[in-house]
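Trainee: Generate coordinates for the entire structure from the input sequences, incorporating the hints supplied.
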Amino acid sequence: MPSLPASSNVKWSRPQGGAIPFWRTPRLLVGLLIALAVGALICELIAIIWQAADLFGNEQTTSANLLHLLRMSAIQAGLSVLLAFITGGIVAIALTRLSFFGKPLALAILSAGLVLPTLVVAFGLLAIWGRAGLINDISQAVGLGKLPFTIFGLQGILAAHTILNGSFAARIFYDRLQALPTASLKLGQSLGLSEWQRIRILDWPVIRSAMPGLGATIFLMCFTSFSIVLLLGGGPANATFEVAIFEAVKLDFDLHRAAILAATQLGFCLLIIIPTAGLKSSSVLIGAQQRHVWQATGWTKWTVAFVLFVLLLAYASPLLIILVEGFDVRFFTLVSSTKFINALITSCTIALASASIALGAAMLLAFARAELIYRNASKAQTSLLRTIISAPIFAYLATPAIVLALGFFLLARVAGLDTSKVGIYVVILANALLALPLANATLGPPVEKIANKSYRLVKSLNIHGWRRFRYVELPLIRKECAYVFALGFSYSFGDLGVIALFGTDEFSTLPWMMYRALGAYRSNDAAMLAAMLLIVAVLSFYLFPKLLGGRDNAHAQ
Amino acid sequence: MLTLNNVQFAYPKTTPYLFNLNVEAGEIIGIAGKSGSGKSTLLDLVAGFQSPQGGEIFLDSQSIDGLAPEARPVSILFQKDNVFAHLTAAENVQLGSAEDIDAAEKLAEVGLTGFEGQKCASLSGGQQQRVALARTLARNQPILLLDEPFSALDGDTANQMRDLVKQLVIKNKWHAILVSHHRADFDALANRTMQLENGQLSELS
Ligand SMILES: Nc1ncnc2c1ncn2[C@@H]1O[C@H](COP(=O)(O)OP(=O)(O)O)[C@@H](O)[C@H]1O
Ligand SMILES: [Mg+2]
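Sequence order for the protein chains is P and C.
Mapping of the first sequence onto the numbering used here: residues 1 to 557, in sequence order.
Mapping of the second sequence onto the numbering used here: residues 1 to 205, in sequence order.
If you are wondering where the hints come from, they were derived from the structure by calculation, not from laboratory data.
Model, not experiment: these values are computed from the prediction.
One or more of the hints may lead you astray.
[Stated by the list, open to error] Pulled a few chain P residues facing chain C out of the computed Cβ check, cut under 7 Å: (1) Ala-179; (2) Ala-183; (3) Ser-184; (4) Gln-189; (5) Ser-190; (6) Leu-191; (7) Gly-192; (8) Ile-201; (9) Pro-205.
No residue lacks a Cβ here, since even glycine has one placed at the ideal position from N, Cα and C.
Mentor: Now the structure itself:
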C-alpha cells in the first residue's frame with residue numbers, strides 16, 4: 001500500500017492551536033479590517049455626539065425631562081413586548097395545531113412583520129381606525145356615530161407594535177416549536193395528552209426559552225420606534241427618544257438637545273443589549289421542515305382555527321386596506337410625476353447600494369470567522385479574534401437609526417460638508433450598517449457550519465481561496481445570501497429614520513415623500529405611496545431569492 | 001395476534017408500501033431495512049399517525065384502523081426523546097395512564113428504585129429509556145412498537161436494555177415490532193426478522 005505523500009502528512013499533523021500566519025490569511029485580514037473600520041466609525045460617531053451633548057456644560061435639558069421620556073418609552077416598549085408575546089404565542093401554538101391550505105402563505109405573512117416598512121403599518125392602522133378610517137365610516141353608516149376613542153396615542157402605538165412584533169414573535173415561536181423532536185410529538189399524541197398538558201409540557205418550555213432574547217430584541221425595537229410614534233403618537237406625551245431627536249433637529253434645530261437625547265438613549269440601549277449578548281440570537285430563517293403534525297381534532301380544532309383567523313386578520317387588515325385604498329385613478333398621475341420618479345430612483349439606488357454593502361460586509365466577516373476554523377486556530381486566538389470581528393457589529397444593534405443619522409449629521413457639519421450633498425451617501429451607509437447585525441446573524445452560523453463540516457475535506461483536497469468560495473461555500477449559502485440581500489433592500493427601501501434628518505425637497509425617497517404627503521394632509525398620495533412601499537417590500541422577498549438564490553434545496557441537509 | 005393484512009400506503013410521489021405481517025402475543029418481530037426504506041412508516045401505520053390507504057390492521061381479529069392514536073392499544077419507544085425532560089421520572093411514568101398507578105413500583109421493575117422525584121433531564125440516556133419502559137409497563141398496552149430504541153445507547157447499557165425488553169414482552173404477552181439496522185438487536189431479541197425492501201416485507205434468512 002503506497003504511503004501518503006509527506007507533504008499532506010505535514011498538513012494533517014499541524015498541532016492544534018498553532019500560530020496563524022496572518023499575512024497568509026487574506027480572508028482574516030479583510031474581515032479584521034472591516035470590523036475595525038466599522039468599529040472606528042461608530043466610536044467616532046458616538047464621540048461626536050458626546051461632544052455635542054456637552055453633558056456637563058449646559059443644563060438646558062432638565063433631567064426630569066429625560067426621565068419622563070425614558071419612563072414613557074420604557075412603559076410603551078414593555079407593554080409592546082407583552083402584547084407581542086401574547087398574540088404571537090397564541091398564533092404560533094394555533095399554527096402547530098392545524099395544517100391547512102395556505103399555511104405557507106400565512107407563515108410568509110408572519111415573516112414579513114420584521115421587514116415591513118413601519119410607516120406602512122402605521123398608515124394602515126390609520127386607514128382602519130383613524131378618524132376617516134374604515135371602522136368610523138361603517139359605524140356612521142349604520143348610525144352608531146363616531147368611535148368613542150382615537151387611534152392617536154399609546155393605544156395606536158401599541159396596536160402597530162403588536163402587529164409588527166406579534167407576527168415576528170409568532171414566526172420565531174413557531175420555528176422553535178417546529179424544532180420539537182418528532183418523537184416527543186408522536187409520544188404526546190399516542191399518550192393522549194390533553195390540549196392543556198400539551199401546552200404545559202411541550203409548548204411552554206420551548207416558548208419560554210425563546211422569550212429572553214426575543215423580548216430584548218422587541219423591547220429595543222419598540223423603545224427606539226420612530227415612524228410609528230411619529231405618525232400615531234399624537235403628541236409629546238408618548239414620544240420616544242427618536243421622535244424627540246427628530247423634532248429637536250428638524251423643528252427647533254437644537255443640535256445640542258438632540259445630542260443629549262441621543263447620548264442618553266444610546267446609553268440606555270447599551271444597558272439593555274449588553275446583558276443579552278450571551279443569549280442565543282433568534283434566527284428568522286425557515287428551519288428544517290418537520291414531518292409530523294399533531295393536529296387538533298373536534299371542537300378544539302374549530303376554536304383554534306377561529307382564534308387564528310381573527311388574529312391573522314388583525315395582523316393583516318392594515319396591509320390589506322392599503323392595497324385597497326392605494327390604487328385609484330389618481331395613481332397614474334402620481335407615478336408619472338417627476339417628483340415621484342426621482343424619489344423612486346433615489347430609493348432604488350439607496351436600497352440596492354446599501355443591501356450590497358450589507359451583504360458584502362456580512363459575507364466577508366463570516367468568512368473571516370470561518371477562516372479561524374479552517375486555520376485550526378487555538379481556543380484563545382479564536383475567542384479573541386472572534387470578539388474583535390463581531391463586537392463592532394454588535395454596537396450597531398444598540399444604535400437606533402436616528403442616533404446614527406444624527407452622528408453622521410454632526411460629523412458632516414464638523415467636516416464642513418453640505419448635509420444635503422452628502423445625504424445620499426450617508427443614507428446608504430447608515431442603512432447598510434443598521435442591517436449589518438441581522439445580516440451577520442443570518443450568514444454567520446451557516447458559514448461556520450460549512451467550515452466545521454468540510455474543513456478536513458477542504459484541506460485534504462487543498463481547495464483554497466476563490467475555489468473554496470466558488471465550489472464549497474457559495475453553493476451552500478446562496479439562499480441565505482439572497483435572504484440577506486432582500487432584507488437589506490427592503491429595510492433601506494422603507495427607511496424613514498435616517499432620511500428624516502437628511503431629506504429635503506430635492507433629496508427625497510418614497511418614505512420621505514409619503515411622510516411629507518401625510519404632513520400636508522394629502523392622504524390619497526400617502527395611501528398610494530404606502531401601497532408602493534408595501535408591494536416593493538413583498539416583491540423583494542419574492543424576487544431576490546429567485547434571482548440570487550439558486551435552486552431551493554441547495555443545502556438539503 | 002397483531003395482523004397487518006395487505007396494508008397499503010404511499011406518501012405523495014413515492015413508491016407505495018404493501019405490508020403483510022403477523023405478530024403473536026409475547027413475540028418480537030424484527031424489521032430490518034436500509035434507512036429510508038419505510039420502517040418508521042410501518043410503525044406510524046400501526047400507531048395511527050398515518051392511515052392505511054387500503055387493507056386492515058387487526059388486534060385479535062378486531063380492527064384498530066378507525067381508532068385515533070391516543071385510543072390505540074399501543075406503546076412506543078423511540079431512539080431518543082422518549083421522556084419529557086423537565087418532568088420527573090414519576091410524572092413521566094404516569095403520563096397516559098387513566099387510573100392512578102404506582103410509579104415507584106414500575107420504576108423499580110426497570111431497575112430505577114428511588115428515582116421517582118428526579119427530573120428526567122438529569123438522567124442518563126439509558127436511564128431515560130428505562131423510564132420510558134416503565135411507562136409502557138404502567139400503560140400495559142398489548143402492542144409495543146420499538147423504533148431503534150437501543151441505537152443511542154452504549155454497549156453494556158444497550159445489552160441490559162435488550163434483556164429487560166425481552167423479559168417484559170414475554171411476561172406481559174405484548175406484541176412487539178422492533179425496527180433496527182443493527183443485527184445484534186435481532187440476534188438478541190427477535191423471534192423472527194423480516195426485511196423491508198422496495199416497499200414490501202420478506203422473511204429474512
Ligand atoms: N411525512 C412524510 N411525507 C413524505 N415523505 C415521507 C414522510 N415521512 C417519511 N417520508 C419518506 O418516506 C421514506 C421512508 O421513511 P421512514 O419510514 O422514516 O424510513 P426509515 O424509518 O426506514 O428510515 C423516506 O424516503 C422518507 O423521506
Ligand atoms: Mg426511521
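Trainee: Would you mind marking each hint as holding or not holding in the structure?
Mentor: Here's how the hints hold up against the structure:
1. Ala-179: violated, 12 Å
2. Ala-183: Holds - the Cβ of Ala-183 (chain P) comes within 7 Å of chain C, reaching about 4 Å at its closest.
3. Ser-184: holds, 5 Å
4. Gln-189: holds, 5 Å
5. Ser-190: holds, 5 Å
6. Leu-191: holds, 3 Å
7. Gly-192: holds, 3 Å
8. Ile-201: holds, 5 Å
9. Pro-205: holds, 6 Å
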